[in-house]
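Listed here are the chains, written in short residue letters.
Number of protein chains: 2
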Amino acid sequence: MVQMADQTDKKPHHHGDLRAALIQSGIEILTETGLDSLTLRRCAARAGVSHAAPAHHFDGVAGLRGAIAKEGFDRFRHHMLQARAAGTQTPEGRILSLCRGYLDFAVANPALFALIFSCGPMSQFEDDMNAGDASAYGVLRQTCAPFVAPGADPLVIETQVWSLIHGFAHLLLAGTFCPRGDSPDHHALFAPVMTLLEGIGTAPRPNTGPNTGPDTGPDTGPDTGPNSRPQ
Amino acid sequence: MVQMADQTDKKPHHHGDLRAALIQSGIEILTETGLDSLTLRRCAARAGVSHAAPAHHFDGVAGLRGAIAKEGFDRFRHHMLQARAAGTQTPEGRILSLCRGYLDFAVANPALFALIFSCGPMSQFEDDMNAGDASAYGVLRQTCAPFVAPGADPLVIETQVWSLIHGFAHLLLAGTFCPRGDSPDHHALFAPVMTLLEGIGTAPRPNTGPNTGPDTGPDTGPDTGPNSRPQ
DNA sequence: CTGTCAAGTTTACACTGTAAAGTTAATGCC
DNA sequence: GGCATTAACTTTACAGTGTAAACTTGACAG
Numbered sequence: 003m004v005q006m007a008d009q010t011d012k013k014p015h016h017h018g019d020l021r022a023a024l025i026q027s028g029i030e031i032l033t034e035t036g037l038d039s040l041t042l043r044r045c046a047a048r049a050g051v052s053h054a055a056p057a058h059h060f061d062g063v064a065g066l067r068g069a070i071a072k073e074g075f076d077r078f079r080h081h082m083l084q085a086r087a088a089g090t091q092t093p094e095g096r097i098l099s100l101c102r103g104y105l106d107f108a109v110a111n112p113a114l115f116a117l118i119f120s121c122g123p124m125s126q127f128e129d130d131m132n133a134g135d136a137s138a139y140g141v142l143r144q145t146c147a148p149f150v151a152p153g154a155d156p157l158v159i160e161t162q163v164w165s166l167i168h169g170f171a172h173l174l175l176a177g178t179f180c181p182r183g184d185s186p187d188h189h190a191l192f193a194p195v196m197t198l199l200e201g202i203g204t205a206p207r208p209n210t211g212p213n214t215g216p217d218t219g220p221d222t223g224p225d226t227g228p229n230s231r232p233q
Numbered sequence: 003m004v005q006m007a008d009q010t011d012k013k014p015h016h017h018g019d020l021r022a023a024l025i026q027s028g029i030e031i032l033t034e035t036g037l038d039s040l041t042l043r044r045c046a047a048r049a050g051v052s053h054a055a056p057a058h059h060f061d062g063v064a065g066l067r068g069a070i071a072k073e074g075f076d077r078f079r080h081h082m083l084q085a086r087a088a089g090t091q092t093p094e095g096r097i098l099s100l101c102r103g104y105l106d107f108a109v110a111n112p113a114l115f116a117l118i119f120s121c122g123p124m125s126q127f128e129d130d131m132n133a134g135d136a137s138a139y140g141v142l143r144q145t146c147a148p149f150v151a152p153g154a155d156p157l158v159i160e161t162q163v164w165s166l167i168h169g170f171a172h173l174l175l176a177g178t179f180c181p182r183g184d185s186p187d188h189h190a191l192f193a194p195v196m197t198l199l200e201g202i203g204t205a206p207r208p209n210t211g212p213n214t215g216p217d218t219g220p221d222t223g224p225d226t227g228p229n230s231r232p233q
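Those protein sequences? They're chains A and B, same order as listed. The opening residue of the first sequence carries number 3 in the working numbering; numbering runs sequentially from there. The opening residue of the second sequence carries number 3 in the working numbering; numbering runs sequentially from there.
I should point out that these hints are in silico values taken from the structure, not numbers from a laboratory. A quick note: this is a predicted structure, and the numbers were derived from the prediction, not measured. Treat the hints with care, as some may be off.
Here's a subset of chain B near chain A, in silico, CB distances under 10 Å, partners left out [as the list claims (entries may be wrong)]:
(1) G122
(2) L157
(3) I159
(4) T161
(5) I167
(6) A176
(7) I202
Glycine included, every Cβ here is placed at the ideal spot set by N, Cα and C.
All chains, full assembly: derive it from the sequences and hints.
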């Protein structure tokens with residue numbers, strides 16, 4: 003919505019806010035009928051305009067997909083923030099809750115999730131990895147920060163966490179695990195698989211001491227969350 | 003007509019072995035111009051037949067993609083076996099080599115890799131998870147076996163390893179990591195990220211049974227005989 | 001009122017997958 | 001050999017897709 007700043011005050015021609023309406027239509031199509039159904043013409047038809055309108059607004063179907071992905075990315079970020087805030091407020095609990103939010107979003111919005119990660123570099127949508135809650139990667143970086151040894155590259159642990167949860171989510175959505183549409187054991191498998199993260203931050207660098215302590219954690223407040231117990 | 007096993011000795015009509023030629027053409031198209039270029043018509047044109055030929059042989063584009071994915075899955079499996087055989091023959095070394103082979107294949111054949119995991123359940127191509135070297139999942143299961151505690155569900159560790167390497171490969175191919183087409187640090191990040199696996203098989207200790215396996219045996223039994231964590 | 005311009009529409013075109021009908025070669029049967 | 005059958009394609013047709021150009025409409029300066 004950042005780039006729509008000049009679009010909101012400058013009323014379009016016929017439609018009220020066609021750009022937002024097209025994005026909303028696109029997300030609805032994704033949710034209802036999947037990624038393959040997201041076409042310029044269907045999106046336009048649902049918004050009540052001609053098929054050339056989205057092509058003109060977004061400069062082709064790639065632009066439409068990118069705009070929808072950006073909106074999806076924002077919802078994805080909010081979902082993870084909400085999940086993290088609802089869980090146990092320890093460094094381990096925050097990571098686990100973040101990953102649970104990651105997975106839940108992917109399962110709840112499979113087509114949108116797939117679209118997000120099929121639109122090329124994430125830097126299209128976020129240009130600042132250190133933007134904290136304002137960028138999805140910033141959320142990951144914040145949450146991983148307590149486990150990063152001083153002087154170590156935070157990218158390693160971030161990539162470990164991200165790869166694990168992303169691979170799990172992707173294999174799940176691809177239906178790779180369950181032979182025949184049988185898919186109720188996802189959440190049963192989540193907690194055991196995530197135990198791999200218990201050794202996080204202890205392996206990468208030999209000469210650095212074992213820290214794993216939230217020494218520089220920004221807000222590792224007392225754990226007030228009574229719930230959100232894994233499994 | 004169902005299976006082509008008898009197609010090799012039984013010469014088809016005009017073409018020698020059109021099915022194999024079409025699959026080969028499809029893989030070439032994937033390699034040269036990407037997943038979006040894999041269409042019935044282009045595949046047929048490259049093989050020198052009409053566009054309806056592959057549609058007839060494979061019952062639509064989905065069937066063509068599935069057949070190519072099956073062939074790709076086989077190459078994938080061989081690539082991993084080769085990588086595993088070329089590495090250090092310790093349990094840790096074998097897992098690491100397997101993952102390196104996984105990543106190398108994905109990087110070397112991005113479109114084919116994406117196709118493999120976009121064709122739905124893997125059970126289309128492999129119906130036996132315990133087939134050892136004869137199935138890709140069997141290779142993973144074999145390689146993970148030394149780390150599975152007796153009585154534990156092997157699926158947990160297998161999913162941990164698979165999720166980590168698959169997520170890493172997928173994020174890499176999606177260009178999610180590198181902001182500006184900068185992509186030479188993949189192999190530099192591989193080794194540090196894979197150190198997460200050093201704690202494999204040791205974490206799910208708390209007596210809460212994370213696995214669905216039978217709880218008859220002592221789940222904190224002695225370590226697996228042959229290896230037990232060097233380093 | 002006129003000129004300009006953005007916002008959509010209309011139209012046209014190449015490409016795609018699918019389906020049906022037509023063609024051709026091999027095979028079996030007499 | 002002659003002939004029906006059938007598998008292996010080809011040809012043709014059609015609906016849907018993205019893209020590009022030309023056209024239309026409304027708003028807004030001057």
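Here is what the structure says about each hint:
1. G122: This interface hint holds because 5 Å falls under the 10 Å limit.
2. L157: Holds, because the Cβ-Cβ distance from L157(B) to chain A comes to roughly 7 Å (cut-off 10 Å).
3. I159: Because about 9 Å separates I159(B) from the closest Cβ in chain A, which is inside the 10 Å limit, the hint holds.
4. T161: holds (5 Å)
5. I167: Holds, about 7 Å.
6. A176: The hint holds - A176(B) has a Cβ within 10 Å of chain A, the shortest such distance being about 5 Å.
7. I202: Hint on I202(B): holds, closest Cβ of chain A at ~7 Å, below 10 Å.
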